[in-house]
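Enquirer: Residue strings, one per chain:
There are 2 protein chains.
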Amino acid sequence: MKIVQCVPNFSEGRDLEKVEKIVSVLKNRENVKLVSYEPDASYNRTVVTLLGEPDAVKNAVISMVGVTTELIDLNNHTGEHSRMGATDVIPYIPIKDMTMEECVDLAKQTAKKINDLYNVPIFLYEEAAKNEDRINLANIRKGQFEGMKEKIQLEEWAPDYGKSEIHPTAGATAVGARLPLVAFNINLDTTNVEIAANIAKAIRHSGGGFRYIKAGPASIEDKGIVQVTMNITNYKKTSIYRVFETVKMEAKRYGVNVLGSEIVGLVPMEALVESIEYYLGLEGFSMDKVLETNLFD
Amino acid sequence: MKIVQCVPNFSEGRDLEKVEKIVSVLKNRENVKLVSYEPDASYNRTVVTLLGEPDAVKNAVISMVGVTTELIDLNNHTGEHSRMGATDVIPYIPIKDMTMEECVDLAKQTAKKINDLYNVPIFLYEEAAKNEDRINLANIRKGQFEGMKEKIQLEEWAPDYGKSEIHPTAGATAVGARLPLVAFNINLDTTNVEIAANIAKAIRHSGGGFRYIKAGPASIEDKGIVQVTMNITNYKKTSIYRVFETVKMEAKRYGVNVLGSEIVGLVPMEALVESIEYYLGLEGFSMDKVLETNLFD
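Quick mapping for you: the protein sequence lines, in order, are chains X and V. At position 119 of the first sequence the residue is numbered 563 (the working numbering), and the sequence of numbers has no breaks. At position 237 of the second sequence the residue is numbered 681 (the working numbering), and the sequence of numbers has no breaks.
No wet-lab data here; the hints were simulated from the structure. As the structure is a prediction and not an experimental result, all values here were calculated from the model. Ideal placement from N, C-alpha and C gives every residue a C-beta, glycine not left out. Hints should not be assumed to be uniformly reliable.
Some but not every residue of chain X turned toward chain V, in silico, with C-beta under 8 angstroms [claimed, not checked]:
{"no.": "1", "residue": "Ile684"}
{"no.": "2", "residue": "Val700"}
{"no.": "3", "residue": "Leu703"}
{"no.": "4", "residue": "Ile720"}
{"no.": "5", "residue": "Leu724"}
{"no.": "6", "residue": "Leu726"}
{"no.": "7", "residue": "Asp732"}
Given the sequences, and given the hints that come with them, work out the whole structure.
Expert: Next comes the structure, spelled out in structure tokens:
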């Protein structure tokens, strides 16, 4: 059975009654597991995590967009997080027996259907992007809901689906496909956030570091420590252990100890297995050797 | 659906044509998954891992014993690993919706049928053992194929099924039930098997080491290395990383490097997660955060 993950973000994180109404259409669906939904009041945004059979997940998400289009008016929306649509972004992530191409197809089907049903213009992004400028979501979303009214009329920002005008209340939505990312934070035994900033710069792609690391510093004031906080955007090519050992190596330069780490959200078993293979020097190992809890389905 | 694991070991690991003939009877069976088979030339032994519905697995294993009895002659067998039978040992392990009692029953049914069909005497061991002396397989197998000719005639070593004489070419077989274990081997960069023997002694329960480790030395001559070969009989209480780091620490005493390790057969995901938590210093981690491949069943 093919399994896809989908992490739609919608632009409501304060009115919990609305959040419940929106999320309710994702519940009790066959072959769809609503893993979590996390409303954030200061972002005024909710991150939803779904897992399931591709078509079932697609249909669930399309239904959800119907409700967000009805309930959310971006003209009255404020929040810390950039946004351009009632449903702002819909990434698909291949989990089991799925190729990236299949996720890109799923993104395109979703995009077309959303536009057909609700008249919301769609931009395809990341692996589904039609050109270089549209790979990075931040490029597409620049100007946000307010700026999109004019931006979408420019020839180079014509949407991939729909007319060159935003939905009057629901704006525009980005739909795409990407590999699972690992949200990984490493704790340093210092209060000097400059050290975390230097290390973050050393390991991230934009600073000359690893190709698939986006990283920055954070101060965890209640614990009296700092953190190198990162997304590993391709854990198959930039492994968890490699980043962890590199941060340890860099921290030595400042005479600072690495206290430990944390993983935020889900982590694919494969990413952990890759690291345990390194630490134990495992030879001839493969995922087939891991005894999971659900063996037949 | 009840699921049992079975890990029969047979005494051929060099003639790969024979190995294939034996394993072929395990393939394409309904409700049986042939997870792996790992022939080892220096052990001259193959470890097979099966998962599936209890009766289906039992029938597969009984058929396999028919082929090993036909093809393997212990009179001409040499290898690093102790053995007393063409099929040497058949452990059943409860995986899902099964009790240990049900595994013991399955072991007894298997034992009776093998004896009825092929006239191979059977010893029940571990959880299926009829007395203290027969719990530990090493006790039963002491003297190996060559010594069993006379040992089996002693009143206290009468087999649990069959007459008090070995099968002339296939010897005797142990059938039992046990909890899952992790078969873990650590490779040392030396040809001196004494060093592996000393380290094995230091880490195993009987030598004063860890409570849930059974370990011994092995010479892997074709690779010019030696191995500390072990079973971790309770990975929840004696962790993989702890044993691995201890072996590294002991190896230093002899100026020998640890080259790597291997896991034979299946390893529960939980055992790997425990080790990755150690190496990355993961805080607040749990199995819930691991994205498994089989999400629905």
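Enquirer: Does each hint hold? Answer for all of them.
Expert: Results of checking the hints against the structure:
no.	hint	result
1	Ile684	7 angstroms, holds
2	Val700	14 angstroms, violated
3	Leu703	7 angstroms, holds
4	Ile720	5 angstroms, holds
5	Leu724	5 angstroms, holds
6	Leu726	6 angstroms, holds
7	Asp732	7 angstroms, holds
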